[in-house]
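Got chain F sorted already, so can you dock chain X onto it with the hints?
So the sequences go chain by chain: F and X. The first sequence lines up with residues 3 to 304 when you count with the numbering used here. The second sequence lines up with residues 3 to 304 when you count with the numbering used here.
Please note: incorrect hints may appear among the correct ones.
Identical copies go unnamed one by one, so any copy, or any two together, can satisfy a pair.
Said to hold, decoys possible - Derived DSS-like pairs: lysine-lysine, alpha-carbon spacing no greater than 25 angstroms straight-line:
#1 K52 to K160
#2 K52 to K18
#3 K47 to K176
#4 K176 to K138
#5 K138 to K54
#6 K303 to K172
Derived from the structure by calculation, the hints contain no laboratory data.
2 protein chains.
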Amino acid sequence: MLNVTLLGTGGTMPLKNRWLSSCLLSSNGHSVLIDCGEGTQIALKAAGHKFKSIDVICISHFHADHISGIPGFLLTMSNEGRIKPVTFIGPKGIEHNIRSLCVIAPNLPFDMSFIEYTDNMEFCLENMRIRAFPLKHSVRCIGFTLELLRVGKFDRDKAEKNNVPMRMWKLLQKNESAELDGTVYTSDMVLGKPRKGIKVTYCTDTRPTETIAENALGSELFICEGMFGDNGKLARAKESGHMLFSEAAELALRANVKQMWLTHFSPSLTDPEAYIDSAKKIYPSTECGYDGKTIDLMFDKE
Amino acid sequence: MLNVTLLGTGGTMPLKNRWLSSCLLSSNGHSVLIDCGEGTQIALKAAGHKFKSIDVICISHFHADHISGIPGFLLTMSNEGRIKPVTFIGPKGIEHNIRSLCVIAPNLPFDMSFIEYTDNMEFCLENMRIRAFPLKHSVRCIGFTLELLRVGKFDRDKAEKNNVPMRMWKLLQKNESAELDGTVYTSDMVLGKPRKGIKVTYCTDTRPTETIAENALGSELFICEGMFGDNGKLARAKESGHMLFSEAAELALRANVKQMWLTHFSPSLTDPEAYIDSAKKIYPSTECGYDGKTIDLMFDKE
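Okay, chain F solo, but in the shape it has when bound (with noise of 0.2 angstroms):
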């Protein structure tokens, strides 16, 4: 199961009512950040999750309302008592600002590693897989792809063939490999072909491109960017680097996705629900995001 929150749904500042855009994805007792504006910290406490299961956290870009929360989020990650390290990944230049960010955090307590973004770049935390791509804003920008993996279906007959003793088979359903006098098995010798997984895909700021559709293609879930609801407000989207409401529906639909979220709503737009009517009828799946939103995402019965 993988749990979906939208911490914040707002863009370029927060306001009272709406958190800055951020989502939190935790599956088995690991959680994934994506982006940490002022006040997620905040967000996160309310929407009732822990700081210390934060093993990741994603920087789309360097914008302040995506990582300007960071090194108070930090701090309090250290107060709810965090010591394991904590990854950062995002574009190149992740370390150099979140060390400059924590100028004001000198003594954390736990290290601190960063991965720059690069081609195929993939960072996999038990069996969460973290994938990104790049989107097209103003600045250098990535988008990020999070997937559930999910071993095979236990081959009885796979397993005899293989030689498995019988005692080793409940083992390898839950280990890449055991040794059993002297003798290495692994679980490709139990298992059949990984079975489809849960996949979700988190894109903000952006412009519409060919590798967002891509890279979403087959998602449960895809939270998209839609900065302006009214299609009135093509150019200034152009202008800004984001996104209509309907630009984000025509990519879902060429993703074949299965539902889609949207989110970082311009602070001009107080009622992004009297837009949604410019999504749905591109791609009916679509639902505008809210601080709190949230949904468990369950494997396939098979």
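Just chain X now, with coordinates in the frame of chain F:
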């Protein structure tokens, strides 16, 4: 008239219902902000104040809860049209810390200048005079006294004795000097001794010290930290470099201030009012601060 507004009254971390300690002092279209933690920009907006008129930002020290909101705050200032320079006053290292945080706000449309605290420093903004003094915390930390200075009354006898032409009288009550027919006249030629102004003293984070009482002497309003209400938390206060309500009240008494507001409450102190008596029985004119608490301080009638 000097307006004083507490934008936030919390310590350590921003809470859903309490912003981090910050104070805005405004007079005649100019404002001074003291401290700027995560969320201060939202608090300022909620209190109905303007970003554009903030000429000076005072930073007490570099713990994140007093400075982490800077990059977002400055960006919102620029969004609100500020182009005039902004002056920062803070402990040694103020420029390095502000510039490090501004790694995510690299293109601000206004210049920033920096004044590092030194003994006897003062900075004047029209008739507002800002002074700073050392506090006693776990890191280098300073308190601030802001005085709204008031010129003397018009003295007709003095003006005549100094042979100041009558048509210059009004001008010299508003300007330090003016010229007529090649002769320079100064305001002290027509004015009596400077009258009592308005003095406000703000200090957090700190243990009580004699220096605080000396600097707060005779303030109309003394805003002082009270991290802990319960007198039983003295050891905790000493250890963390903070104060009890009752210790703040002792200072207010020694400094003979007109009234005191407590601020910078511990996140664990959910109801500061429950402990107000511990201060009031030492110094009766004590009030608990709260986010948005505001007062207009007026010159004496004379």
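Can you tell me if K47 and K176 fall within 25 angstroms by alpha carbon in one copy, between copies, both or neither? neither (33 angstroms within a copy, 53 angstroms between copies)
Reference check for the pair K52 and K18, CA-CA at most 25 angstroms: within, between, both, or neither? both (22 angstroms within a copy, 16 angstroms between copies)
Reference check for the pair K303 and K172, CA-CA at most 25 angstroms: within, between, both, or neither? within (20 angstroms within a copy, 88 angstroms between copies)
Same-copy or cross-copy closeness of K138 to K54 [CA-CA at most 25 angstroms]: Result: close neither inside a copy nor across copies, 33 angstroms intra and 32 angstroms inter.
Between copies, within a copy, both or neither: which fits K176 and K138 at Cα up to 25 angstroms? neither (40 angstroms within a copy, 56 angstroms between copies)
Within, between, both or neither: how does the pair K52, K160 come out at a Cα-Cα threshold of 25 angstroms? neither (41 angstroms within a copy, 71 angstroms between copies)
In this structure, the earlier hints numbered 1, 3, 4, 5 are contradicted, and the remaining ones agree with it.
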